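There are 2 protein chains.
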Amino acid sequence: MITALGKPMPRCNLSVVLCLLLVSVTARAAEAPIALVIHGGAGVADRAQMTPEREASYRAGLTAAVDAGYAVLQRGGSSLDAVATAVRMMEDDPQFNAGRGAALNDDGDAELDAAIMDGNGPRAGAVAGVWHVRNPVDLARLVMDRSPHVLLVGAGAEEFALEQGVVLVPRSYFRTRARIAELAEEQQGAAEKGKAPAGNPKGTVGAVALDRAGNLAAATSTGGLANKHAGRVGDSPIIGAGTYANNQSCAVSGTGDGEYFMRQVVAYDICALVAYRHLTLEQAVTEVIHEKLRATGGTGGVIAVDPAGNIVMDFNTVGMFRAARDSRGRRDIAVYRDK
Amino acid sequence: MITALGKPMPRCNLSVVLCLLLVSVTARAAEAPIALVIHGGAGVADRAQMTPEREASYRAGLTAAVDAGYAVLQRGGSSLDAVATAVRMMEDDPQFNAGRGAALNDDGDAELDAAIMDGNGPRAGAVAGVWHVRNPVDLARLVMDRSPHVLLVGAGAEEFALEQGVVLVPRSYFRTRARIAELAEEQQGAAEKGKAPAGNPKGTVGAVALDRAGNLAAATSTGGLANKHAGRVGDSPIIGAGTYANNQSCAVSGTGDGEYFMRQVVAYDICALVAYRHLTLEQAVTEVIHEKLRATGGTGGVIAVDPAGNIVMDFNTVGMFRAARDSRGRRDIAVYRDK
Numbered sequence: 001m002i003t004a005l006g007k008p009m010p011r012c013n014l015s016v017v018l019c020l021l022l023v024s025v026t027a028r029a030a031e032a033p034i035a036l037v038i039h040g041g042a043g044v045a046d047r048a049q050m051t052p053e054r055e056a057s058y059r060a061g062l063t064a065a066v067d068a069g070y071a072v073l074q075r076g077g078s079s080l081d082a083v084a085t086a087v088r089m090m091e092d093d094p095q096f097n098a099g100r101g102a103a104l105n106d107d108g109d110a111e112l113d114a115a116i117m118d119g120n121g122p123r124a125g126a127v128a129g130v131w132h133v134r135n136p137v138d139l140a141r142l143v144m145d146r147s148p149h150v151l152l153v154g155a156g157a158e159e160f161a162l163e164q165g166v167v168l169v170p171r172s173y174f175r176t177r178a179r180i181a182e183l184a185e186e187q188q189g190a191a192e193k194g195k196a197p198a199g200n201p202k203g204t205v206g207a208v209a210l211d212r213a214g215n216l217a218a219a220t221s222t223g224g225l226a227n228k229h230a231g232r233v234g235d236s237p238i239i240g241a242g243t244y245a246n247n248q249s250c251a252v253s254g255t256g257d258g259e260y261f262m263r264q265v266v267a268y269d270i271c272a273l274v275a276y277r278h279l280t281l282e283q284a285v286t287e288v289i290h291e292k293l294r295a296t297g298g299t300g301g302v303i304a305v306d307p308a309g310n311i312v313m314d315f316n317t318v319g320m321f322r323a324a325r326d327s328r329g330r331r332d333i334a335v336y337r338d339k
Numbered sequence: 001m002i003t004a005l006g007k008p009m010p011r012c013n014l015s016v017v018l019c020l021l022l023v024s025v026t027a028r029a030a031e032a033p034i035a036l037v038i039h040g041g042a043g044v045a046d047r048a049q050m051t052p053e054r055e056a057s058y059r060a061g062l063t064a065a066v067d068a069g070y071a072v073l074q075r076g077g078s079s080l081d082a083v084a085t086a087v088r089m090m091e092d093d094p095q096f097n098a099g100r101g102a103a104l105n106d107d108g109d110a111e112l113d114a115a116i117m118d119g120n121g122p123r124a125g126a127v128a129g130v131w132h133v134r135n136p137v138d139l140a141r142l143v144m145d146r147s148p149h150v151l152l153v154g155a156g157a158e159e160f161a162l163e164q165g166v167v168l169v170p171r172s173y174f175r176t177r178a179r180i181a182e183l184a185e186e187q188q189g190a191a192e193k194g195k196a197p198a199g200n201p202k203g204t205v206g207a208v209a210l211d212r213a214g215n216l217a218a219a220t221s222t223g224g225l226a227n228k229h230a231g232r233v234g235d236s237p238i239i240g241a242g243t244y245a246n247n248q249s250c251a252v253s254g255t256g257d258g259e260y261f262m263r264q265v266v267a268y269d270i271c272a273l274v275a276y277r278h279l280t281l282e283q284a285v286t287e288v289i290h291e292k293l294r295a296t297g298g299t300g301g302v303i304a305v306d307p308a309g310n311i312v313m314d315f316n317t318v319g320m321f322r323a324a325r326d327s328r329g330r331r332d333i334a335v336y337r338d339k
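Listed in order, the protein sequences are those of chains A and B. One point on numbering: in the numbering used here, the residue at position 271 of the first sequence is 271, and numbering is uninterrupted. One point on numbering: in the numbering used here, the residue at position 73 of the second sequence is 73, and numbering is uninterrupted.
Simulated from the structure, these hints should not be mistaken for lab results. None of the values given here were measured: they were computed from a predicted structure. Glycine is no exception: its CB is placed at the ideal position from the N, C-alpha and C atoms. Among these hints, one or two may not hold up.
[Unchecked claim] Covered stretches of chain B (chain A as the covering partner; in silico rule of three or more C-beta atoms under 8 Å from a C-beta of chain A):
{"#": "1", "stretch": "147–154"}
{"#": "2", "stretch": "221–234"}
{"#": "3", "stretch": "269–279"}
Only chain A is shown next, with the shape it has when bound in the complex (with noise of 0.2 Å):
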C-alpha cells in the first residue's frame, strides 16, 4: 500500500511502531496472565427447588465476591490479596456457608474453620473451631503472617486473634433465621430417622487467584456440616485437602464432602498429578473429581487455577456456585453445569 503522500517511509515506520506495539501487548498479556476464581459451595438445590429470587441472589452475591477480588488483581494487587479479598466478601454474606450465616453446629453453634495459602513458598495459615472471629479467613491469614505455625484451633486460635488486636464477635453475629430453621429441620430428620444427620455438606466458599507476579493463592471458608458433632473440622482448613496453592503446579479450592477430600488429600493430588504426571489441570481435575471422588463415593466440586492462567471450576454434583474472571476477557458466573 501506498499512503497519499506517496512516501513509502513513514508508513512503514508507522506500521513497524504499530506492529511492534500489538506484539508487545500480546506478549504482556501472554506474560503476565490474571484471573480469580470463586466458589460458593456445591450443595446446589436441584433446579425444581430453586426459585429464581434465590437463583439471582446468590449470582449477585458471587459478582460481588468475583470483582472485588479481581478488582484487586488489576490493580497490581496479590493473589493473596484477592482471595482474601473474595471470601471476606462471602463470609459477610449470610446466604453463602462461612462466616455470618455458617451452618450450625449440633450445639446451635457456627464453628468456622478457614484457611489461606501463598503458592510463592509455599506459606500457609489456617484456624479451625473458632466461634467468635467475623472473618475467619483474615485470623488464617494472620496464622500464615504473623505465627510460626500453619494451623491453630478452638480456643487457643481465638487467643492467638486476641493477641494480634483482632476484635471477637458474639456468638449470635453468625446464626441467622434461615441456618436456625435449618439445623432445627436437620435435627428432627436425625431424630426420626435415628441416624447421623446428612447434614448439608456443601456449602463451602473458596477463591484461587494468579497474580500479575506469577504468584498463586487459594483461600477456603465454612462452617462445615449442618447439625455436625462440635469440634468436626473438615477439609477446608486442611493444606492438602481442602485448599493447596503452589506456584510451581496449581492453587486449589475444594467444596463437599469434606471427609472424603481429607482422605483423598484431593487439592494436594490434583497439583501432584500436575506437577508428577504433567496432566493438564482439567485432566487432573477430571480425573480426581469425576473418577477417584467419585469411587469412593465422595461428592463435591473444585476450583483451581495454574500459572499459565488456565481456570478449571468442575464438581461431580447438580451444581457449583462459581464465577470466574480473567485477563483474557473471561467473567463468568454460574450455578448449574449449563450455566
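Guided by the hints, dock chain B onto chain A, whose structure is given.
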C-alpha cells in the same frame, strides 16, 4: 544317607516332605510378608549430650513397642491393630512426646494430637487439641470406626470420647517432672531471646505396618512443640501431612518440623511419588526428606512401608528413635545414623 533301618523309601519320602515344607514356608513368607516400623521422634540429642543410660532407656522403650506391635501381626492381627498397639505403648511411656510425658504448651498443659489411617479403603480418624485423653491414638481409631468424620478437635473431641465411653483423665496425668522442667527452660529461653521459642519439635511417636492380608496402616501421636501456642496443631493428626496410608502405594508416619510437613504434605507426597512417578519407596523418601524438605529448611524424618514389605526409615536430623521388624527376620533398634 541311609537310615539305621536301611530302608531308603521312608528316608526319601521324609526328604520330599521336608523339602515341600521348606518350599511352602518360603513361598508363604514370600507371598505374605509382614512388617512393623516405629519411631519415637527425630528430636534426638547430639551424641555428646546423650547419656548411655538415657539411650538404653529409649532403646528399651522402642524394643517393647516394636515387639508388642509385631506380635499382633505374627498372630495374624491387622496392621491397624499393630500400629495402634505400638503407638499406645509409646503414649504410655513417659520418655516419648505423646500421651503421658507429652511436651507442654504455653499454658503448661499437654495438648495432644493423633491420627490413624487404614490403607484399606482408605479410612482415617484423627483428634487434635485434646487435654484429657490417655491414649489419643485410640480416640482417633474411634473417630474412624464410629463416626462419619475424620477429624475432631478440642472440647468436641472430648465430648465424643465421653459418648463412646472413654474414661477421661485429669490434665495432671500427662505432666511429668521432666516436661515441667523443659517448659520452664523453653519459657526462660524465649523470654531472654525475646522471640517465639523453637521448642522441641521432634518428639512425636508413630508406626506403620503391613499385615498378612496385605493391608497397610499408619498411626502418629504427639504432644507437639514444647511451649507451643495453645491451640497449635502440627502435622501428626493431619491426613497427608504427618500420617498417610494407602494399600496402593505406601504407609508413612512423620516426625519433625510439623509446619514444614504440613505445607509440603509430606506423607502423601511420598506416596504420590511412588504412585505417579513410580519411584521406589526409598527413592521417594530420599527425594522428599533430603531434597524437598531440606530445600525449605525443614528437618525431620519418616518411617514408611510399602505393599511388598519394603521398609524405609530416614531423616535429615542427627538421629531418629526407630525400630523395625519383619518376616524376613529383620529386628533393628536404632537411634543415630550408624545404629
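How the hints compare with the structure:
no. : hint    : in the structure
1   : 147–154 : holds (count 8)
2   : 221–234 : holds (count 7)
3   : 269–279 : holds (count 5)
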